[in-house]
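Undergrad: Please model the complete structure; the sequences and the hints are all you need to start from.
Now for the letters of each chain:
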Amino acid sequence: GAVVSQHPSWVICKSGTSVKIECRSLDFQATTMFWYRQFPKQSLMLMATSNEGSKATYEQGVEKDKFLINHASLTLSTLTVTSAHPEDSSFYICSASGGGGQGSNQPQHFGDGTRLSIL
Amino acid sequence: GDSVTQMEGPVTLSEEAFLTINCTYTATGYPSLFWYVQYPGEGLQLLLKATKADDKGSNKGFEATYRKETTSFHLEKGSVQVSDSAVYFCALLIQGAQKLVFGQGTRLTINP
Numbered sequence: 001g002a003v004v005s006q007h008p009s010w011v012i013c014k015s016g017t018s019v020k021i022e023c024r025s026l027d028f029q030a031t032t033m034f035w036y037r038q039f040p041k042q043s044l045m046l047m048a049t050s051n052e053g054s055k056a057t058y059e060q061g062v063e064k065d066k067f068l069i070n071h072a073s074l075t076l077s078t079l080t081v082t083s084a085h086p087e088d089s090s091f092y093i094c095s096a097s098g099g100g101g102q103g104s105n106q107p108q109h110f111g112d113g114t115r116l117s118i119l
Numbered sequence: 120g121d122s123v124t125q126m127e128g129p130v131t132l133s134e135e136a137f138l139t140i141n142c143t144y145t146a147t148g149y150p151s152l153f154w155y156v157q158y159p160g161e162g163l164q165l166l167l168k169a170t171k172a173d174d175k176g177s178n179k180g181f182e183a184t185y186r187k188e189t190t191s192f193h194l195e196k197g198s199v200q201v202s203d204s205a206v207y208f209c210a211l212l213i214q215g216a217q218k219l220v221f222g223q224g225t226r227l228t229i230n231p
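Each protein sequence line maps, in turn, to chains A and B.
Residue numbers for the first sequence follow this note's numbering, so the first one is 1 and each next one is one higher.
Residue numbers for the second sequence follow this note's numbering, so the first one is 120 and each next one is one higher.
Please keep in mind that the hints were generated in silico from the structure rather than gathered at the bench.
The structure displayed is predicted, hence computed values, not measured ones.
Hints may contain errors.
Calculated cross-link-like contacts (lysine to any residue; reagent style SDA-like; alpha-carbon spacing at most 20 Å) [what the hints assert, rightly or not]: (1) A:41 with B:127; (2) A:41 with B:161; (3) B:218 with A:88; (4) A:41 with B:172; (5) B:218 with A:74; (6) B:218 with A:70; (7) B:179 with A:107; (8) A:41 with B:129; (9) B:218 with A:29; (10) B:168 with A:98; (11) B:218 with A:32; (12) B:218 with A:12.
TA: This is the structure:
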């Protein structure tokens, strides 16, 4: 159980293109979803936290207008990298947790990540 | 603030060797502790967890014990396999919070 599907797994596109990444919880309701960015051989950097039906909370230094996050349902969140440039190339990972309320310390379940390459 | 420190990698071992990856934490509250594993090109998978002091998490031959007195959660395995080669992340979650705090990750390579 607790499967998170992330799509696409790999995308290559030209500079200036906007790219949408989907994160779906397949067998549970994800009240909270998280978006991370990971640079090569480094740890995960939390970009934003999104609760279903609410605006995402972005970490300091993350551009809200650059990285648009939508969490319109309990099973789907999307990250759109707008007008992507080569410096946005990275590995993006989503995770989801759900049930039991905010204070219940439900574990996060991670997608397999999306490798984004901007030419 | 809350933080997690892992032993620096990379760690290279021979098959069937004993593994220890150290993890210590600093937290203002009462955290739950986790070990995640990341195989090449993939996301993170939860390996094991412990939610209170003296709890032992275990999975796939890996173990870690929540030591409040030493603020540690070291990962151990008695006999590693080539398939254990991956990056291992220690993480904490403060009760009532939503965000995981990750260590820097430790890259493990097991040679046959």
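Undergrad: Given the hinted pair residue 168 (chain B) and residue 98 (chain A), is their alpha-carbon gap at most 20 Å?
TA: holds (17 Å)
Undergrad: Keeping to a limit of 20 Å between CA atoms, is the pair of residue 218 (chain B) and residue 70 (chain A) held or broken?
TA: It holds: about 18 Å lies between the C-alpha atoms, which stays within 20 Å.
Undergrad: With the threshold set at 20 Å, check whether the alpha-carbon distance from residue 41 (chain A) to residue 129 (chain B) stays at or below it.
TA: The hint holds at about 10 Å.
Undergrad: With the threshold set at 20 Å, check whether the alpha-carbon distance from residue 41 (chain A) to residue 127 (chain B) stays at or below it.
TA: holds (12 Å)
Undergrad: Checking one constraint from the list: CA of residue 41 (chain A) to CA of residue 161 (chain B), max 20 Å. Satisfied?
TA: holds (13 Å)
Undergrad: Starting from residue 218 (chain B), check that the Cα of residue 88 (chain A) is at most 20 Å away, please.
TA: violated (23 Å)
Undergrad: Measure nothing beyond the straight line between the CA atoms of residue 218 (chain B) and residue 32 (chain A); if it is 20 Å or shorter, mark the hint as holding.
TA: Holds, because 10 Å separates the two Cα atoms, which is no more than 20 Å.
Undergrad: Sort out whether residue 74 (chain A) lies within 20 Å of residue 218 (chain B), counting only the CA atoms.
TA: holds (18 Å)
Undergrad: Can you confirm whether the C-alpha distance between residue 179 (chain B) and residue 107 (chain A) stays at or below 20 Å?
TA: Status holds; Cα separation ~18 Å.
Undergrad: Regarding the pair residue 218 (chain B) and residue 29 (chain A), is the alpha-carbon distance no greater than 20 Å?
TA: Roughly 18 Å separates the two Cα atoms, so the pair holds.
Undergrad: Holds or violated: residue 41 (chain A) and residue 172 (chain B), Cα atoms, limit 20 Å.
TA: Violated, because 31 Å separates the two Cα atoms, which is more than 20 Å.
Undergrad: Tell me if the straight-line CA distance from residue 218 (chain B) to residue 12 (chain A) falls inside 20 Å.
TA: Distance ~30 Å between residue 218 (chain B) and residue 12 (chain A) Cα, so the pair is violated.
Against the hints set out earlier in the document, violations occur for numbers 3, 4, 12.
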